[in-house]
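Chains as they are written, first to last, in my numbering: chain A, 1 to 98; chain B, 1 to 708.
Do not rely on the hints blindly, as some may be mistaken.
[Claimed, not checked] Selected chain A positions facing chain B (Cβ under 7 Å, derived; list incomplete): (1) Val13; (2) Gly15; (3) Val61; (4) Ala88.
[Said to hold, decoys possible] Cross-link-like lysine to aspartate or glutamate pairs, in silico, EDC-like; alpha carbons within 20 Å at most: (5) B:Lys77 - A:Asp11; (6) A:Lys59 - B:Asp583; (7) A:Lys59 - B:Glu248; (8) B:Lys251 - A:Glu84; (9) A:Lys59 - B:Asp595.
[What the hints assert, rightly or not] Facing chain A, a subset of chain B residues (Cβ under 8 Å, in silico): (10) Asp42; (11) Trp45; (12) Ser142; (13) Arg145; (14) Val454.
Keep in mind the hints are simulated off the structure, nothing from the lab.
We put the CB at the ideal spot given by N, CA and C, even for glycine.
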Amino acid sequence: MHNCRHGTVEDLVPGTVIHTHGPEDRSIVDFSPNPDHSDQYDRWMIIGVMTSGGELIAKWVPNPSSKLPAWARTEGTIHPTELEPRLASDNVRIEVAA
Amino acid sequence: MKNPIKFIPKQKVSEPSKGVAPASPSTGYVYGKWIRSTVTDDDYWLNSLQLDEFDDMSLAIEDDKKFNDWFEDFVVKEKCQKRYKGAWTPRAAPVDWGGSKWSTGEGSLSSWWRSDLYGKWAPSWGNDDERTLAKAMQVIQSTIRIVDDSVPPMTCAWAEQAMSYTDLSKNEIHINPAPVTKQKEKKLSFEEAVDICTGLGLHEAGHANGEYGTRSVNNQLLLPKPMEPMGIVGMLANIIEDIRTERETGKEFPGFVAYLRKVHDFTWGERSAEHNPTEWKTIPDAMNALIIHLKWPEHSDALLSHQSFKDELPWWDEWNDKYQTGKVNLRDSIQAALDRLALDEERKKEMEAMANQERIEGVAKSVGAAVARAMQDEWGKQVIAETCANHVDEDDKLDDETAQKARQYVNEKLHEEEVRIPEKGKRKPKIWVRRPSEDGQSKAAYIGKPGNIVERLKAALQFRPELARYFTRLQKSGQIDEDELWRWGDNDYRVFQQQNVEVYPKAHVALLVDMSGSMCSIVKSGEHHEEKVLTAQRLAQLLILALRDMEGVTPYVYGHTGDLAYSDSSGSADFMYIWEPGDPLSRLGLISSSDHGNNYDGYAINWVVDKVLERSRPEDQKLLIVLSDGYPAGSNYGYGEAMDHVREVTDDAEKKEVYVIQVAIDNSIRPHDQGRMFKHWVQYEGADKLPQQLARVVSKVLNTVAAY
Numbered sequence: 001m002h003n004c005r006h007g008t009v010e011d012l013v014p015g016t017v018i019h020t021h022g023p024e025d026r027s028i029v030d031f032s033p034n035p036d037h038s039d040q041y042d043r044w045m046i047i048g049v050m051t052s053g054g055e056l057i058a059k060w061v062p063n064p065s066s067k068l069p070a071w072a073r074t075e076g077t078i079h080p081t082e083l084e085p086r087l088a089s090d091n092v093r094i095e096v097a098a
Numbered sequence: 001m002k003n004p005i006k007f008i009p010k011q012k013v014s015e016p017s018k019g020v021a022p023a024s025p026s027t028g029y030v031y032g033k034w035i036r037s038t039v040t041d042d043d044y045w046l047n048s049l050q051l052d053e054f055d056d057m058s059l060a061i062e063d064d065k066k067f068n069d070w071f072e073d074f075v076v077k078e079k080c081q082k083r084y085k086g087a088w089t090p091r092a093a094p095v096d097w098g099g100s101k102w103s104t105g106e107g108s109l110s111s112w113w114r115s116d117l118y119g120k121w122a123p124s125w126g127n128d129d130e131r132t133l134a135k136a137m138q139v140i141q142s143t144i145r146i147v148d149d150s151v152p153p154m155t156c157a158w159a160e161q162a163m164s165y166t167d168l169s170k171n172e173i174h175i176n177p178a179p180v181t182k183q184k185e186k187k188l189s190f191e192e193a194v195d196i197c198t199g200l201g202l203h204e205a206g207h208a209n210g211e212y213g214t215r216s217v218n219n220q221l222l223l224p225k226p227m228e229p230m231g232i233v234g235m236l237a238n239i240i241e242d243i244r245t246e247r248e249t250g251k252e253f254p255g256f257v258a259y260l261r262k263v264h265d266f267t268w269g270e271r272s273a274e275h276n277p278t279e280w281k282t283i284p285d286a287m288n289a290l291i292i293h294l295k296w297p298e299h300s301d302a303l304l305s306h307q308s309f310k311d312e313l314p315w316w317d318e319w320n321d322k323y324q325t326g327k328v329n330l331r332d333s334i335q336a337a338l339d340r341l342a343l344d345e346e347r348k349k350e351m352e353a354m355a356n357q358e359r360i361e362g363v364a365k366s367v368g369a370a371v372a373r374a375m376q377d378e379w380g381k382q383v384i385a386e387t388c389a390n391h392v393d394e395d396d397k398l399d400d401e402t403a404q405k406a407r408q409y410v411n412e413k414l415h416e417e418e419v420r421i422p423e424k425g426k427r428k429p430k431i432w433v434r435r436p437s438e439d440g441q442s443k444a445a446y447i448g449k450p451g452n453i454v455e456r457l458k459a460a461l462q463f464r465p466e467l468a469r470y471f472t473r474l475q476k477s478g479q480i481d482e483d484e485l486w487r488w489g490d491n492d493y494r495v496f497q498q499q500n501v502e503v504y505p506k507a508h509v510a511l512l513v514d515m516s517g518s519m520c521s522i523v524k525s526g527e528h529h530e531e532k533v534l535t536a537q538r539l540a541q542l543l544i545l546a547l548r549d550m551e552g553v554t555p556y557v558y559g560h561t562g563d564l565a566y567s568d569s570s571g572s573a574d575f576m577y578i579w580e581p582g583d584p585l586s587r588l589g590l591i592s593s594s595d596h597g598n599n600y601d602g603y604a605i606n607w608v609v610d611k612v613l614e615r616s617r618p619e620d621q622k623l624l625i626v627l628s629d630g631y632p633a634g635s636n637y638g639y640g641e642a643m644d645h646v647r648e649v650t651d652d653a654e655k656k657e658v659y660v661i662q663v664a665i666d667n668s669i670r671p672h673d674q675g676r677m678f679k680h681w682v683q684y685e686g687a688d689k690l691p692q693q694l695a696r697v698v699s700k701v702l703n704t705v706a707a708y
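One chain only, chain A, in its complex shape:
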């Protein structure tokens, strides 16, 4: 079965899925294009990690389980250096097949 656990940025390879959730998780809020709605983010996202010009770039896409309104379910990318502190959060876990 699937296995979710805490991890570090070094656990990431392109295609890794990262779970995020938790209304209290302010670090995830920063993914939002609209900080005014930061209190609404008891949400989930998939973050696939992809390569771009030889570097790893985390690409996040909307999770259909999100309760966010459709307009807020955007996608984007983030550099792993910015991602790293967020991986320490209790609300962020990396998915691996066990």
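Starting from the known structure of chain A, arrange chain B on it as the hints suggest.
Structure of chain B alone, referenced to chain A:
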């Protein structure tokens, strides 16, 4: 000179790239790298800690062989991920998908989309195809967006023909729905079905990828002039392109390899034995043999044991390897294969006849149409197995209505939610939430110009004005500001202040419309009779028109019904976003034009109360007006217990300062039952009387002065 390892890219491992922090884990982030072993020629992913150790050992161990041995032990001990190589190598052996934790492929792979991942898992998907397909498709779409780099993004939908394919000309990916719709028959869990369909989608997205996908080489088959016969050309291209694009997708996205492996195994399990050739003879024999030998080499020895295969297949191994290693381009590769097949006179005649027929039927320039034609014999029987990563079975075909409904639900972002307050001692219905799309029917159902009571309603809905006061200082006229008088001595006369008072209200008003079947019965509305749901729609429109222009007041309209998913015995409630500021008013036509089922009032009110709390500001006055005809009615939900549930929910709302007022649209209301459910309610007696009725109850709950 020791040089056992090739670096990819060739640079000092620990040397950070531009813009990336130094390699020490204590000082910042450094991504990993693929490192190739010259012993096994495999690439391994090393993270920064492992790279540090690698660097240290590279300097410490002088002897090449000792360093090689150390590295081989190291990658095993550290369980370093091996780069995916795809199905084309090693030849005639089980497919090497890499042996890492990311590619074990056991059980379900991904559950990121499950809303209850960290809670208790209770499969709640039901067996309603449209909804299940809609939810699965949203999961798949999200994952595929990682691989799909198209701008605009590829459109991803369920294939109606029960086979996956990519239409590059239309920018569309179509995915075989059979793993989801036939879970029980195929003995799949829902998660496994999603995994497989995701793998099918990733495979197709690989074809579509602009950098390495089939999109980048497809024109070679058509230019300078279309190759022929296009049916055979397309099938051969599919075989080697499937292998190449899966390998490239695996290289680019090792985390997705396990999905591709699942598809590989699943598709083989679905494959029909009637497509196993007995000898290398006809065109269908050759195509079926190549599909087995090149795409499932682990089964080649067992199935292709006739001497004719042993004589022929080595040439095709070399042919495939030349293409996969980039020594020959697609067009030259396909031409070489056509020439090889044409060495046999019978096959040559067969191919010439096929080319002539393609020209006659006008499919000579269409790869997809020509392949579909070539796979069938003259009686329509499928004689060649599918080349792409899927399986065609007519029984698995999605009927048009289900396909259309699933597509609609995907567009409407159908998803499940939970509510806070379930009915005591009862099973909760599934809560489905969506934002229904307007269509011609709903626009036609929109009631045009409303009556002339909008102004009266505006007057009736008196919200408490905010009395925020603040001062604007440093003015040259107004009231004396003692704190600034010192300026006078410096000939600065800005010693006055002006007091500002904000008098507009801050209010959040939600309307919840009962869209159940009972609302389709007739009610007396003023001097005429009409369906209750039309009355509700008319009232919603009047209230929106009255509220939307009030400064500081934000109105929303929600709707609910239930048990539209008839096959679900546990009950299902359907909650809908109907209108919010910025939407066209014609969306209100959805109230009467949508499907009408049961009504889980308590659950619906609880859901809207939570939306009000989410969307409003703490200082807002919060009002929820329920437009309904009476009593809760759902699967295992009704009578006194459900009424008590409604009351529990409305009382909870009031504790959270969301005041619920019901407008009961029914001529045969039982006041006792209404009072059992709602602390505040009015019986609808006609639009002309509503302003006065609402004015009284609103002033009561908000403690304002009634306009009437």
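Structure-based check of each hint:
Interface hint at Val13 of chain A: satisfied, since its Cβ lies 5 Å from the closest Cβ of chain B, which is below the 7 Å cut-off. At about 2 Å, the closest approach between the beta carbon of Gly15 of chain A and any beta carbon in chain B falls short of 7 Å, and the interface hint on this residue holds. The restraint placing Val61 of chain A at the interface with chain B holds, with a minimum CB-CB distance near 5 Å, inside the 7 Å limit. The restraint placing Ala88 of chain A at the interface with chain B is violated, with a minimum CB-CB distance near 12 Å, outside the 7 Å limit.
Using a Cα cut-off of 20 Å, the hinted pair Lys77 of chain B and Asp11 of chain A holds, with the two alpha carbons roughly 16 Å apart. A threshold of 20 Å between alpha carbons decides the hint, and for Lys59 of chain A with Asp583 of chain B the separation of about 31 Å lies outside it, so the pair is violated. At roughly 19 Å between alpha-carbon atoms, Lys59 of chain A and Glu248 of chain B fall within 20 Å of each other, so this suggested pair holds. In summary, the hint linking Lys251 of chain B to Glu84 of chain A is not supported, as the alpha carbons are separated by about 24 Å, beyond the 20 Å threshold.
As the CA atoms of Lys59 of chain A and Asp595 of chain B are separated by approximately 38 Å, the hinted pair breaks the 20 Å bound. Checking Asp42 of chain B against chain A by beta carbon gives a least distance of about 15 Å; that is not within 8 Å, so the hint is violated. Residue-level restraint check for Trp45 of chain B holds (minimum Cβ-Cβ distance to chain A is 6 Å; threshold 8 Å). For the restraint placing Ser142 of chain B at the interface with chain A, the shortest Cβ-Cβ distance is roughly 5 Å, inside the 8 Å limit, so the hint holds.
At a threshold of 8 Å, the smallest CB-CB gap from Arg145 of chain B to chain A is about 5 Å, leaving the interface hint in force. With a cut of 8 Å, the hint placing Val454 of chain B at the interface with chain A is violated, because the nearest CB-to-CB distance is about 28 Å.
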